[in-house]
Amino acid sequence: MGSRSGLPFDPKVAARRLLTSAVTLVGVMVLTFVLLDTLPGNAVLNRVEDAGPHAMSDEALAQLEKRAGLDRAVHERFMHWAGSALRGDLGRSLHSRRRVGDEILSRLPATIELNLVAWALVMSFGLAIGWYSAYREGGAFDKLSGLLMLAVYALPAFWLALLLQHLLAVEWRIFPLFGRSDFGAAPSIGERLRHLVLPSIALAVNGLAFSARSIRSATLSATRSRAALFDRSAGISRPRVFFNHGVRHSLLMLVTLVGLALPGMVSGAVITETIFRWPGIGMYFVDSIRARDLPVVMGLTLIVGSLTIFGSLLSDGLAHLVDPRLRNPRRRASG
Amino acid sequence: MTWADRSMAAAAAVCLTIAMLVSCSTEPSSDDTTAAPPEGIIGALSADLKTLDFPQADDRNTQIIARLIGDSLIWQDARGQVIPRIATRWEWSEDHRTLTFHMRDDARWHDGRPVTAADVVYSAAVYSDPERAAPSVVSMFEQIASIVAVDDHTVVVSYAEALATTIRMWGEVLLPAHLADRSADAPDFVPVGCGPWKFGRWVHGERVIIEANPDYYDGVPKVPFLAFEVIRDYGLRLDALEAGKIHWAGLTPTLMREIRDDPESRKRFRIHRYELPYSYFIAWRMDGSNPFFADARVRRAMSHGIDRAGYLEKVQQGAGRPGVTYHPPPVAGFDADIEPWAFDPSKARRLLEEAGWIDTDSDGVREKNGRDFRFSLLYVAMGETTRIAEAVQAQLAAISVRMDLDPVDGAVFHQRKRARKFESLMSGFHFDLDPDPFYVLHSSQAASGFNHAGLKDDQIDAWIEEARRTFDWDARLAIYEKVQERVHQLEPVTHLFYPVSFLAVDRRIQGLETPVTGPLAYWPGAMKWRWSEQAD
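Protein chains in written order, with this note's numbering: chain A, 1 to 335; chain B, 1 to 536.
Read the hints as simulated data drawn from the structure, not as lab findings.
The structure displayed is predicted, hence computed values, not measured ones.
Even glycine gets a Cβ: it sits at the ideal position worked out from N, Cα and C.
Mixed in with the good hints, there may be bad ones.
Here are some of the chain B residues that sit facing chain A, going by a computed Cβ distance under 8 Å [to be verified]: (1) I42; (2) W90; (3) V412.
Just need the whole structure built from these sequences, with the hints factored in.
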């Protein structure tokens, strides 16, 4: 995506990417709407039936469904939803009758908080372990960390979460058992952090193993390149070569991981949220699908879909900033 | 040691220091029963509140909170009997189509305004509006023909039909007419009630706190607040109890056993065991849409072929009672003289053969008119229901009946149930404490209501309609005895069992009882809860 105008990107290509992304997002929303609409049952019927024995004639039920707009054709309902969404109105939950925006906002901060901390753990420890393993390739740390990362990657996340909770919260009482804060007045930052430790570790572990090994591979690959070997043969020190080639090259991997992580920031973690009673969006998403709460599912999908696309664009953009070969088409052509 | 080694060592030291600082706990040990009791009492909810717009609430958890901060014209006592609250007395007209409530004059909203008849009229208007109230509530209040506030403390309600059941609708909490313009969407919206507790705080997904109302007309609660932690997982509830994070919680029979089997836990917690008006059942669709269940002998054979007591003993550790009739035992009028159809596979086989279902080709499945006795059971796939379904499947196989399992999710279940796309169906109901079985037995509810088996019996219809118009309580119960006996003979439904609920409670809490209504849904309920210095 180099540019002869000197910009770090080609405006035509960027515009094409944005258009494609917008079309993709619309496609995802249409598909989600149609798929959920196709599933048997609806949120109005669920609400009526879940309330237990009472009289609800078919006519009365039809009236309720009509009020919720469920009597209209699927394309009409989608256009109505899309029009409202463009005006910033995501509608009302068919289950709770609360505004979808309020429902999401009441849960989103908890999810972002948890995912941000987990991601920070993944990145910081992943980089440190990955780089150090690569630098000490074949050594004790490399071998031990390799085995450990493999074991951690293979572990079921829920099992590890339960183990952490049982040992560190139930048995040894080092960390809180559940929740985002203790009962009482507004929590301090220290209390917030203490509550974050176990769920964020449980959430980070699989990602940490993946990122550590990915960073290690990318770093090693770069330190074995012809350019790196040439620098070593020219007398440049090993640490310098490691940094100039290995570390810098692995930043490309880091950029990719950042892009992949972004949609995960808001998609929630059902298992972690259940085990640690974390009031996030994960379980809410699952419950809304089960309840056929279309407005909520659409609202959540819009947010996650938008972030996925944004993450992908951001990743590409950062890659171009980091890798000069991508900025200059002639350099890319010559390798 | 290279720069890389030094960097790594420094990073590890920093991490360790941070971990130690963050993990420093200043919490006192919470399992010391001699420590001073906490102020408020903290329990567990199985799910978060749905909304603070209480008329829209049709889930049990939101209704619990609405009921605690609200008050109503009538409510129920520990036996589920109607008792006066804000209404001090009421009178029916001769034709029982007009009900006049006389209200007390010292009830106050939490903002200090008096509760008046205008609030009752306003509440009825909200509860009968499908835009503003939950469907199950609207279906009750639609029975009102008119409602008038005669003066500040007298309300006259007229009904289209004279039904003894209508008074129970006035157990819904009253709503403040003077706050009619407020929107529950406002970020600072706080529900205003007139009950013994005031709304405190809702931390979404985490907890709800309600505070004692010092101005309540019928006394002040004995603890300054009640709090409810949202904990879906039963295992986490047990951990929370043991860590002192909560003081009482409902648990499963298996987890209750952990408390019972541990001497230390037994010292700290007492266990309440109580029956709620709940019933698990299998409905056999008897409307002729399938060749199996139109014959009462076949339906009784199903009941004889299912070992309900055995299931309770082996799987539920005896936590429940084998089902007999549509009335769970806590509901008034439960006929204890009716014997459940005993587990008797021989009798089941005999009845099936009498009905013409015989395994002529010895393939292990009975046939009749060339059709195998093979049908499907529709149910919601969850841990408990799957276990029950599999047990029933095995037992029916032993009498040469093939039952295929048809597990689905909740939404699909409701849709197929309503559309009657099933041959048999397994579900559970939480019944009201009023014994009226109209919704589950009357023929008008057979096509798409809660009469899932499709029972259409003129005699049962007549008795139910007569009982609904009978205002003498004993006379009503006498009619329901006849209904239960006839339903038992027809057996449209096999009542599997009535489960028992368990509550683990900190022994220092006094006054917490578990009648058939549960610990909170009755008067005086949580008003009596208090801490004592010593565990009981």
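Structure-based check of each hint:
1. I42: Holds, because the Cβ-Cβ distance from I42 of chain B to chain A comes to roughly 7 Å (cut-off 8 Å).
2. W90: violated, 23 Å
3. V412: holds, 5 Å
Checked against the numbered hints given earlier, this structure breaks only hint 2.
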